[in-house]
Amino acid sequence: GAGVSQSPSNKVTEKGKDVELRCDPISGHTALYWYRQSLGQGLEFLIYFQGNSAPDKSGLPSDRFSAERTGGSVSTLTIQRTQQEDSAVYLCASSLSGGLGGANVLTFGAGSRLTVL
Amino acid sequence: GQQLNQSPQSMFIQEGEDVSMNCTSSSIFNTWLWYKQDPGEGPVLLIALYKAGELTSNGRLTAQFGITRKDSFLNISASIPSDVGIYFCAGHRDDKIIFGKGTRLHILP
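These protein sequence lines are chains A and B, in that order.
Under our numbering, the residues of the first sequence are numbered 1 to 117, in order.
Under our numbering, the residues of the second sequence are numbered 1001 to 1109, in order.
For the record, the hints were derived by calculation from the structure and aren't laboratory data.
Check before you lean on any hint, since a few could be wrong.
[Said to hold, decoys possible] The calculated lysine-lysine pairs, modelled on BS3-like cross-linking and capped at a C-alpha distance of 27 Å, are:
| id | chain 1 | residue 1 | chain 2 | residue 2 |
| --- | --- | --- | --- | --- |
| 1 | B | Lys1096 | A | Lys57 |
| 2 | A | Lys11 | A | Lys57 |
| 3 | B | Lys1101 | A | Lys11 |
| 4 | B | Lys1096 | B | Lys1070 |
| 5 | B | Lys1070 | B | Lys1101 |
| 6 | A | Lys11 | B | Lys1051 |
| 7 | B | Lys1051 | B | Lys1070 |
| 8 | B | Lys1101 | A | Lys57 |
| 9 | A | Lys15 | A | Lys57 |
| 10 | B | Lys1051 | B | Lys1101 |
| 11 | A | Lys57 | A | Lys17 |
| 12 | B | Lys1051 | B | Lys1096 |
[Stated by the list, open to error] Partial list, derived from the structure: chain B residues whose beta carbon lies under 8 Å from chain A:
| id | residue |
| --- | --- |
| 13 | Ser1057 |
| 14 | Phe1088 |
| 15 | Phe1099 |
Computed from a prediction, not measured in an experiment: that's the story for all the values here.
Heads up, the beta-carbon is just placed ideally off N, CA and C, and yes, glycines get one too.
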């Protein structure tokens, strides 16, 4: 697509429920990133994909968080047994590649706002 | 872990004033990026810097990649109301792109 698409744009869930957030990157972009932005905070790195592989999962906050990417395109971030502290905006970004130079410039989606009651 | 220290956290200025913000790190980065985020949107790239010492302009924006590769600044000249938002610096090293906590720019009426 022309830009990075994320869905849902807003999600309200009850504590303990599982949620799935979807990211559809720009066509042809091999690198995909997930970040979390809590209210009034900066962007916290969660996970990075190069193709379908995740060479860096170091930012995932706990084992309740997981992500996958299939076909080198769409990615899903899953949060199991959600907690109130998971409430945040989850941003996805893609780039042409994960390498150096202009190819690594990130294009962001508008984010998925998650509220855990 | 790697951190970017971005300052100031927020700025309140009059329309027409110039703005300056910066990022520093204890680590070397290969690329510095500056993004702006409007409410309800994802960050949008303003300027990308690829070489130490590089000075790049984009309209009223000017950014520099520090010679030590551990810092960068962004200047905005003659601010206008649409400059309001959150500005993020980001450093790229290996496979990681690390963001600062942002500078919130407010323009007083």
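Now for the hints, and whether the structure bears them out:
| no. | hint | in the structure |
| --- | --- | --- |
| 1 | Lys1096/B - Lys57/A | holds, 11 Å |
| 2 | Lys11/A - Lys57/A | holds, 24 Å |
| 3 | Lys1101/B - Lys11/A | holds, 24 Å |
| 4 | Lys1096/B - Lys1070/B | holds, 15 Å |
| 5 | Lys1070/B - Lys1101/B | holds, 16 Å |
| 6 | Lys11/A - Lys1051/B | violated, 41 Å |
| 7 | Lys1051/B - Lys1070/B | holds, 12 Å |
| 8 | Lys1101/B - Lys57/A | holds, 21 Å |
| 9 | Lys15/A - Lys57/A | holds, 24 Å |
| 10 | Lys1051/B - Lys1101/B | holds, 23 Å |
| 11 | Lys57/A - Lys17/A | holds, 23 Å |
| 12 | Lys1051/B - Lys1096/B | holds, 18 Å |
| 13 | Ser1057 | violated, 17 Å |
| 14 | Phe1088 | holds, 7 Å |
| 15 | Phe1099 | holds, 4 Å |
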